[in-house]
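J.: Use these hints to put chains R, U and L with the ligands onto chain S, whose structure you have.
Residue numbers (this note's numbering), protein chains in the order written: chain S, 1 to 395; chain R, 1001 to 1395; chain U, 2001 to 2142; chain L, 3001 to 3142.
Treat the hints as calculated values from the structure; they're not laboratory data. Just so you know, these numbers come straight off a predicted model, no measurement behind them. Wrong hints could be hidden among the right ones.
[Unchecked claim] Here are the simulated lysine-lysine pairs, DSS-like style, with alpha carbons at most 30 Å apart:
| id | chain 1 | residue 1 | chain 2 | residue 2 |
| --- | --- | --- | --- | --- |
| 1 | U | LYS2044 | S | LYS389 |
| 2 | R | LYS1089 | S | LYS221 |
| 3 | S | LYS389 | U | LYS2123 |
| 4 | R | LYS1369 | L | LYS3007 |
| 5 | L | LYS3054 | R | LYS1390 |
| 6 | R | LYS1135 | R | LYS1216 |
| 7 | S | LYS89 | R | LYS1221 |
[Said to hold, decoys possible] Output of the computed footprint for chain R on chain L, the stretches with three or more beta carbons under 8 Å from beta carbons of chain R:
| id | region |
| --- | --- |
| 8 | 3013 to 3022 |
| 9 | 3038 to 3051 |
| 10 | 3058 to 3068 |
[Stated by the list, open to error] Computed beta-carbon distance windows for the label pairs:
| id | chain 1 | residue 1 | chain 2 | residue 2 | range |
| --- | --- | --- | --- | --- | --- |
| 11 | L | SER3086 | R | LYS1389 | 45 to 55 Å |
| 12 | S | GLU256 | L | GLU3002 | 25 to 35 Å |
| 13 | U | ALA2013 | S | ASP364 | 34 to 44 Å |
All C-beta atoms in this analysis are idealised placements derived from N, C-alpha and C, irrespective of residue type, glycine included.
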Amino acid sequence: MRTVYLDHAATTPVHPKVLEAMLPYFSGKFGNPSNLHDIGREAKNAVEEARAKTAALVGAAPGEIYFTSSGAESNNFALKGLAQANSQKGKHIIVSQIEHFSILHPAKTLEKSGFTVTYLPTDKEGLVNPDDVAKAITKDTILVSVMHANNEIGTIEPIEAISKITREKGILFHTDAVASTGWIPVNVETLGVDALSFSGHQFYGPKGAAALFVRKGVRIKPQIEGGIQEDGRRAGTENVPALVGLGKAAELAAAEVGNRMRYTSQLRDKLQKGLQDRIEDMVINGHPVSRLPHNLNVSFWYVEGESMLLFLNMEGISVSSGSACTSRSLKSSHVLTCIGTDAAVANGTLLMTLGMGNSAEDIDYVIEKLPPIVQRLREMSPLYEDMMKKKAAAR
Amino acid sequence: MRTVYLDHAATTPVHPKVLEAMLPYFSGKFGNPSNLHDIGREAKNAVEEARAKTAALVGAAPGEIYFTSSGAESNNFALKGLAQANSQKGKHIIVSQIEHFSILHPAKTLEKSGFTVTYLPTDKEGLVNPDDVAKAITKDTILVSVMHANNEIGTIEPIEAISKITREKGILFHTDAVASTGWIPVNVETLGVDALSFSGHQFYGPKGAAALFVRKGVRIKPQIEGGIQEDGRRAGTENVPALVGLGKAAELAAAEVGNRMRYTSQLRDKLQKGLQDRIEDMVINGHPVSRLPHNLNVSFWYVEGESMLLFLNMEGISVSSGSACTSRSLKSSHVLTCIGTDAAVANGTLLMTLGMGNSAEDIDYVIEKLPPIVQRLREMSPLYEDMMKKKAAAR
Amino acid sequence: MEQYSSKVMDHFAHPHNVGEIENADGVGTVGNPVCGDVMRLYIKVENNIITDAKFKTFGCGAAIATSSMVTDLVKGKTIDEALKVSNAAVAEALGGLPKVKMHCSVLAEEALKSALDDYYKKKGVASPVKMPAESGHEHDME
Amino acid sequence: MEQYSSKVMDHFAHPHNVGEIENADGVGTVGNPVCGDVMRLYIKVENNIITDAKFKTFGCGAAIATSSMVTDLVKGKTIDEALKVSNAAVAEALGGLPKVKMHCSVLAEEALKSALDDYYKKKGVASPVKMPAESGHEHDME
Ligand SMILES: Cc1ncc(COP(=O)(O)O)c(C=O)c1O
Ligand SMILES: Cc1ncc(COP(=O)(O)O)c(C=O)c1O
Chain S
1 MRTVYLDHAA TTPVHPKVLE AMLPYFSGKF GNPSNLHDIG REAKNAVEEA
51 RAKTAALVGA APGEIYFTSS GAESNNFALK GLAQANSQKG KHIIVSQIEH
101 FSILHPAKTL EKSGFTVTYL PTDKEGLVNP DDVAKAITKD TILVSVMHAN
151 NEIGTIEPIE AISKITREKG ILFHTDAVAS TGWIPVNVET LGVDALSFSG
201 HQFYGPKGAA ALFVRKGVRI KPQIEGGIQE DGRRAGTENV PALVGLGKAA
251 ELAAAEVGNR MRYTSQLRDK LQKGLQDRIE DMVINGHPVS RLPHNLNVSF
301 WYVEGESMLL FLNMEGISVS SGSACTSRSL KSSHVLTCIG TDAAVANGTL
351 LMTLGMGNSA EDIDYVIEKL PPIVQRLREM SPLYEDMMKK KAAAR
Chain R
1001 MRTVYLDHAA TTPVHPKVLE AMLPYFSGKF GNPSNLHDIG REAKNAVEEA
1051 RAKTAALVGA APGEIYFTSS GAESNNFALK GLAQANSQKG KHIIVSQIEH
1101 FSILHPAKTL EKSGFTVTYL PTDKEGLVNP DDVAKAITKD TILVSVMHAN
1151 NEIGTIEPIE AISKITREKG ILFHTDAVAS TGWIPVNVET LGVDALSFSG
1201 HQFYGPKGAA ALFVRKGVRI KPQIEGGIQE DGRRAGTENV PALVGLGKAA
1251 ELAAAEVGNR MRYTSQLRDK LQKGLQDRIE DMVINGHPVS RLPHNLNVSF
1301 WYVEGESMLL FLNMEGISVS SGSACTSRSL KSSHVLTCIG TDAAVANGTL
1351 LMTLGMGNSA EDIDYVIEKL PPIVQRLREM SPLYEDMMKK KAAAR
Chain U
2001 MEQYSSKVMD HFAHPHNVGE IENADGVGTV GNPVCGDVMR LYIKVENNII
2051 TDAKFKTFGC GAAIATSSMV TDLVKGKTID EALKVSNAAV AEALGGLPKV
2101 KMHCSVLAEE ALKSALDDYY KKKGVASPVK MPAESGHEHD ME
Chain L
3001 MEQYSSKVMD HFAHPHNVGE IENADGVGTV GNPVCGDVMR LYIKVENNII
3051 TDAKFKTFGC GAAIATSSMV TDLVKGKTID EALKVSNAAV AEALGGLPKV
3101 KMHCSVLAEE ALKSALDDYY KKKGVASPVK MPAESGHEHD ME
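Chain S with its partners taken away, still in its complex shape (with noise of 0.2 Å):
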């Protein structure tokens, strides 16, 4: 049976190459860099040439990257430890309701601790108005964050715009870029950010590698505190290999972001238009244009979600019903409700995140498989059935 994964938002597979770099620091090359014999100096050259493919990714300074282990660990640091480090100047912070949980979450924990957090609605597409940004702001304002790309919807933000404001207003703007870095192309002075999360296991590389960039001059507390580590930002002895891992997915993703971008996009428009094509009552969510190449998520009415991911895998095919990091709880996604999808119509919603490892024919197999598992689960459906009942009745 052909399998084809179609759920690169979750996590990919980690590239050869990446490996390949990766192993030689298990057994061999194990030292901890932060001993001063030959052993410790192995692993301090391979951590800090890591940093410098790291820091180039996004075109930051080598000394700006501080790596954690994972996008999530990245996300805290960055809210909680920019909200900390400069509460002195103000306590309010201002994120977009589509945050992923690892922002939502520590600013409800900030909010605990006596900061005050604006949560700003996007339009139907998921975008983020830069004037209710600036609308947002008042004098105790220290914080932005919206994310660069939803990893959901796939909708990209209008940081640019965004970061104008807030550098005029002399306040921090951190993105989480966790779900574009790799994808589209990522650069910290483009975009006039402060801070940029962003995670390994996204674009190729190992998991429990991440980074967090911070600009130079701004200040953040660390969150795991006590180790010489990370210039004293995050303890903990460094996970080398995976860093070297990090390190070598980067330099890949730099040389080859065009090239996935043409790659998946026109597979992935093949896709959907195979699918709108054999499929009635449909929705495509996010934004037409400005969305991540590689994310098509889409809602079908009658069905549900896991209904359909479940009889896909049994054809080979994995994908995710919402987002990767809920589809376990039984929650619908907090993005679809933000944009205003209709909630009978969000429990049918599925995510299909393409990579390179997949072909057009894949997209051929998925095109013939899906559209008979939908019309045999709105067979089974009650909705469906009332539906068709109203229809006949009005003719």
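T.: Chains R, U and L with the ligands only, in chain S's frame:
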């Protein structure tokens, strides 16, 4: 040239069987455990199997193990998470002065947010006195954290005696077992603790995989928030290969710990005796008996640690000066200060930690190489010159 | 989430008794698309015995499997026997359900009771049916 | 910490001018074992020219290398020239030092100045030596 790695307290090489267990999870079984399709399931099952093995090593139930990225993260999570989640009962915490900085720095941070902390001294051999714990407890005390074994001087603390006291008073007790796990038996029931940190790279597991045991029913506030991973207590996509490696390393450690104790302590004793026989004015730090089997911490009068370390490195011998984690900082060890080591000799300290890869020939080699290095440096030392002149004058 | 048992996957992949019954003696619809599950259960009753049962369900794997199982369980039972079919019995017959999916078995019991209630109403008889507590969605039993 | 340059490692592994000078014309000892470095510098002066210099040092790799370098630098120099040898010159001659080790070059300058000061005192002449600011250990220059 022979290479002799005597820095196992800094980090260990990944065991070949551990790496073998990890390899399938990078590019092949690369799924995100949160996903419901088969590729996600496969990863989820691997993580849960690793959790069971990791739990077994310390005598815990799988549901009591929360995976983290490092010992430092486990310690931060324990101290801040337990304090924050239980602050309605009181705001006083007790720790020892010889804790790792990943306990001491979070303690300082907690002090800034309204907690009070008592820092207990030790005796000259590094032992915390359980009576001191009992005396320090007030009505407001909610948490005690005393490490299982100290990573620098190797002293094994009387955890069972302390836990008797904390249990009677209904106070939570955390122990940092990062230095001990895998080298001596560690069992949460025998120790009687409510929380316990350990880290894979300290016992032939991979870097980037560590754990915090939290006894069932004990409340802890997540520090990395915003995900359903680790039962909602620690967000971030799981580092699947590293966790699989940690599980395997735990399995090996459980089977081998008796052997490791016997093997390393016998080599350590040989090294200690060999150096004592050949070098004058040398001090063995730590407890003579209640000490980690693979630990040898020695201070040499009139010479400085880094210069010994560098000369040993030229001979292929890797050691630490002071603790691994502070070896790039200029301050002399807070542990040696606590046990009352003369500040002048504290700067002449070497930490040698043995492992299963060391042979008797390796030890002979070190016994041959170290004494002339010490002698050469002493002959270069003005402190040695002064001492010799004083001796001559006294004759 | 724990994995589905092979029996659940079986009933999900090949559900029994899918469909409508024309002129059913009892029909019950429970749940809410907003919450992610809607079940509709049809029964045919002859001489106080459920001779046929069919369902239509909008919902997850467990929702479909419990619908399939509950229709299997009640076929051939008397009304009184059917009234005693509990959500626990449905879950057990499926070899267990993941904790977070136990509410689906509650929904299946509700659908059955609702269909039986409808049967009594259609007959013009006072209904002895007690609907289970409306706690389905937060249910976290094992 | 950055790595030591190969020149530092060279001077550390094979330091020049280790030892004492009997009946030296100037001796200076600076530093503190508690802080981790003590340097003692001996000079021999003839006709206002430093004809020999030797050192003993307790300290890290950089401390030994800077001691070696400063003794090399002053040999053959006049007293006035020697007074102008700065910590930056010592560090530069070694191909640079890691930031956290710059204090060692400061200590080397201090040791030299202290020996020159001693030379003047022994001669019974007012000393023109200005000791560098006692900031060595927190020094973080580049
Ligand atoms: C006693 C102790 N606790 C905590 C740590 C930190 O562990 P990790 O290196 O995994 O961050 C160490 C590291 O050496 C340690 O020795
Ligand atoms: C936008 C976004 N932010 C943060 C995260 C968390 O990253 P990680 O999975 O590396 O913890 C994700 C994960 O999917 C994400 O999509």
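J.: Hint by hint, which ones does this structure get wrong, listed from lowest number up?
T.: Numbers 11, 13 - these are the hints that the structure violates, sorted from lowest upward.
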